[in-house]
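The residues making up each chain are set out below.
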Amino acid sequence: MADVAAPRRKGIYIFTVFERFWHWSQASLIITLLLTGFEIHGFWTLFGFEQALNLHVYAAFTLVVLWVFAIFWHLVTGQWHHYVPTTDRMWAMISFYAVGIFIGAPHPFRPSTKRKHNPLQAMAYLAFQVAMAPAIWISGLIMWVYGKFPNLYPGELPVLWVNAIHVAAAFLIATFLIAHVYLITTGETVTEQLKAMITGWDPNGDARED
Amino acid sequence: MIMAGPWLRHLILAVALVGAVVSPAAAQSSASEGVPDAAPPSAASAAPGVPSSTADHSQFEELAGPFKNAQEVNQACLSCHNTGPEQLHGTIHFTWTWPPASVGEPAGGDAELLGMRHVANGFFLSTPSNIDACTSCHIAGTRFDDPAMFDASSEPVAPVDCLTCHEPTGQWALANFHEGGAACSMCHDERLRGKTPEVEDLAAAAQSVGPTTRASCGACHFNADGGPGVKHGDLNPDLANPAATLDVHMAAAPDGAGFTCGTCHTTKDHAIAGSRYAGGPGESPERPALEGPAASCQGCHSANPHKQLANGERLDRHIDRVACETCHIPSIARGETATRVLWDWSTVGKLGRDRKPMVQKDKDGHIAYATEKGNLTVASEVRPTLIWSNGRLDLRHPGDPLPEPAATDADAGDAAGGDKGVDLKAIAAAFADAPWIASYEGDASSPQSRIAPVKVMYSVVPVDAENRRLAAVKFSGRSGDALWNRFNWKSAVGAGMEAAGVPFSGDVAFAKVRQMIPVNHTVAPADQALDCGACHASDGLLAGLPGGFLPGRDGFALLNWAGLAILAATLASVLLHGVLRFGFGIFYGGPRHG
Numbered sequence: 000m001a002d003v004a005a006p007r008r009k010g011i012y013i014f015t016v017f018e019r020f021w022h023w024s025q026a027s028l029i030i031t032l033l034l035t036g037f038e039i040h041g042f043w044t045l046f047g048f049e050q051a052l053n054l055h056v057y058a059a060f061t062l063v064v065l066w067v068f069a070i071f072w073h074l075v076t077g078q079w080h081h082y083v084p085t086t087d088r089m090w091a092m093i094s095f096y097a098v099g100i101f102i103g104a105p106h107p108f109r110p111s112t113k114r115k116h117n118p119l120q121a122m123a124y125l126a127f128q129v130a131m132a133p134a135i136w137i138s139g140l141i142m143w144v145y146g147k148f149p150n151l152y153p154g155e156l157p158v159l160w161v162n163a164i165h166v167a168a169a170f171l172i173a174t175f176l177i178a179h180v181y182l183i184t185t186g187e188t189v190t191e192q193l194k195a196m197i198t199g200w201d202p203n204g205d206a207r208e209d
Numbered sequence: 000m001i002m003a004g005p006w007l008r009h010l011i012l013a014v015a016l017v018g019a020v021v022s023p024a025a026a027q028s029s030a031s032e033g034v035p036d037a038a039p040p041s042a043a044s045a046a047p048g049v050p051s052s053t054a055d056h057s058q059f060e061e062l063a064g065p066f067k068n069a070q071e072v073n074q075a076c077l078s079c080h081n082t083g084p085e086q087l088h089g090t091i092h093f094t095w096t097w098p099p100a101s102v103g104e105p106a107g108g109d110a111e112l113l114g115m116r117h118v119a120n121g122f123f124l125s126t127p128s129n130i131d132a133c134t135s136c137h138i139a140g141t142r143f144d145d146p147a148m149f150d151a152s153s154e155p156v157a158p159v160d161c162l163t164c165h166e167p168t169g170q171w172a173l174a175n176f177h178e179g180g181a182a183c184s185m186c187h188d189e190r191l192r193g194k195t196p197e198v199e200d201l202a203a204a205a206q207s208v209g210p211t212t213r214a215s216c217g218a219c220h221f222n223a224d225g226g227p228g229v230k231h232g233d234l235n236p237d238l239a240n241p242a243a244t245l246d247v248h249m250a251a252a253p254d255g256a257g258f259t260c261g262t263c264h265t266t267k268d269h270a271i272a273g274s275r276y277a278g279g280p281g282e283s284p285e286r287p288a289l290e291g292p293a294a295s296c297q298g299c300h301s302a303n304p305h306k307q308l309a310n311g312e313r314l315d316r317h318i319d320r321v322a323c324e325t326c327h328i329p330s331i332a333r334g335e336t337a338t339r340v341l342w343d344w345s346t347v348g349k350l351g352r353d354r355k356p357m358v359q360k361d362k363d364g365h366i367a368y369a370t371e372k373g374n375l376t377v378a379s380e381v382r383p384t385l386i387w388s389n390g391r392l393d394l395r396h397p398g399d400p401l402p403e404p405a406a407t408d409a410d411a412g413d414a415a416g417g418d419k420g421v422d423l424k425a426i427a428a429a430f431a432d433a434p435w436i437a438s439y440e441g442d443a444s445s446p447q448s449r450i451a452p453v454k455v456m457y458s459v460v461p462v463d464a465e466n467r468r469l470a471a472v473k474f475s476g477r478s479g480d481a482l483w484n485r486f487n488w489k490s491a492v493g494a495g496m497e498a499a500g501v502p503f504s505g506d507v508a509f510a511k512v513r514q515m516i517p518v519n520h521t522v523a524p525a526d527q528a529l530d531c532g533a534c535h536a537s538d539g540l541l542a543g544l545p546g547g548f549l550p551g552r553d554g555f556a557l558l559n560w561a562g563l564a565i566l567a568a569t570l571a572s573v574l575l576h577g578v579l580r581f582g583f584g585i586f587y588g589g590p591r592h593g
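Keeping their order, the protein sequence lines are chains A and B. Under numbering that gives the first Met the number 0, think of the first position of the first sequence as 0, with each following residue one higher. Under numbering that gives the first Met the number 0, think of the first position of the second sequence as 0, with each following residue one higher.
Hints may be right or wrong, so weigh each one.
[Claimed, not checked] Stretch by stretch, here's where chain A covers chain B in the computed footprint (C-beta under 8 Å, at least three residues):
no., segment
1, 313 to 327
2, 532 to 540
3, 569 to 576
Hint data in this document are derived by calculation from the structure and do not stem from the laboratory. We put the beta carbon where it would ideally sit given N, CA and C, even for glycine.
Only chain A is shown next, with the shape it has when bound in the complex (with noise of 0.2 Å):
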């Protein structure tokens, strides 16, 4: 008998159940720590203070929880590979956002089971996963340590650029946030990438085994 994936519907089966929970996890809690995170810098008044404090505390460490089977989920299934950077169409990708958009030339580009995105995609999400989020934990880990634990933190480090170190990651990601939404509008329809990611099926997607 036919399984979900069954053959008869046009496209592919790109994004596994776990990897949509993922997105959508991770992209509510990220959005959660930029409102909190920024109220806490005192760029606004949301939830007041104290009980932004809180939540922004509460969602890092869910966060960390989900990345933690993330790695897990990633290192097991060999999924990791979708993240290494290739320069292959590349100039494709580049010149595609550039002018091709524009003009209605083809995408360079149709994701596959093989290799899920573009190479300029895959080199966001790469600096993401490497430097932004990295840079973005053990900054608040440091500070958190720093207020719950005084007398652990290393009285030389300056907590004032560390805070700098974490200010300065949230407003990259904030950055990343911003061009992601927009550039998943830029499939083969406007709400195209936006369906995978809900339903899993890309239906323009490249369904070739090679």
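Assemble the complex: chain A is given as a structure, and chain B must be docked to it using the hints.
Frame of chain A; chain B shown alone:
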């Protein structure tokens, strides 16, 4: 620290993050409530029917009288309590000198002695030049004009008037004071009619003695430096019988804890703990009160007083940097009695139309000018100024030269605000360069320092015109050189400087000075304490007091600007890209992948 304008922050970040404008709701979390598990107060009354003391003084024959005068009452006390005076002779209540003789001389000799007999202040300026008037408050009580009363080695040693402190209504101390030769103007800005307070029935007073009360301590301390609440915004006659909102400890049960002064200011051998000259906010915070006299919050409340609150652990971690009083005394003079914040001596001497001393009042009925005192300003509900304090006071003495006003002298964040009626900010700005004649040492880098509240007093005081030495002034007395007799500054300062033993050029000038006065009383109920946002904000109460790491305030302006610029640029790019796509899409429609 300067950040992006709020509109810009909101626009960029809110649009960027959620794709919709997030209106910043002022959703302050409500302050958590909780009753601290304070140790039972020592003043707690015994079980019903059980006497609270083993000695009922009203039953003693020795105290039944009749007494001819106050000295005879005192002799009756001493017939049993015969070592009382000896215990008191070395204490600050008797010597008005710090450190106590038992501790030894300060390294710098007499010039470094503290205590109100020695230091200058911005109210009545100096004690030595007014010893007759000032000693009306002295606990010797009955030997008013003898400067030797401060000196326990003199012969005969001055007595100690027991009833000054132990007559529970405070009327004895008040009567003593009024007999003691103080000029009326010392406390009364306006001449009052009627009789001065007097104790008629000496025997009844003698039989009423007991532990000190709020009223007996308050007879002097509520009226420091010229009348009710003048010097202290947190010590005034409102505390004789305060509401719990004014003082949660001193209010009567069940709303308050029913403390007297002595509940916290514990005593050993008549030496009372809790002088401003001893200790500091960071000193021995975990020392229990049972280990000896110690007037500190932690003595009862421990070092982790917030533990039963939801975020109590986090609040507890503030105490290595923030004094309890900072959050728990959100404002001073918040009862009926206002506190004096400005005293301008330079305008003394304007007479009324009848060529007599006069007063002028402001629209609230407060005295704004008195011929004998100059211009005066009071304020209510004053938010204390927050400073870094290690508890050590840096004080000036009469005759000390003032520094020339510095160009920028911003060691205290004069973030005074929230005051009723009076423009304290304008006063603070006018005195921004004025030197401190009393200020707390300490800074953010010292582990002994805490952020602590003080009342800042602004004064215009006489100085020697030649060398800016702080002047001692003789205010009252029978001789013509007293200021309040002829309003002649030269002769009043001349007589004052002579009494203080300071050379004087003969010319008087006036200088603006500031003075920090500790704030430790009128602790409010927990739900009135400052909330997090009061300080954790870029424009909060600590905006003017750098140091430490204060999330919500601290950051790097350049980083904030760069971050917002990158966000704005990204947002603009994707919007432009999207608009272009939409525009071109009209001409180049069709599916991308064939």
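Right, here's what the structure says about each hint:
no.: 1; hint: 313 to 327; verdict: holds (count 3)
no.: 2; hint: 532 to 540; verdict: holds (count 4)
no.: 3; hint: 569 to 576; verdict: holds (count 4)
Of the numbered hints listed earlier, not one is contradicted by the structure.
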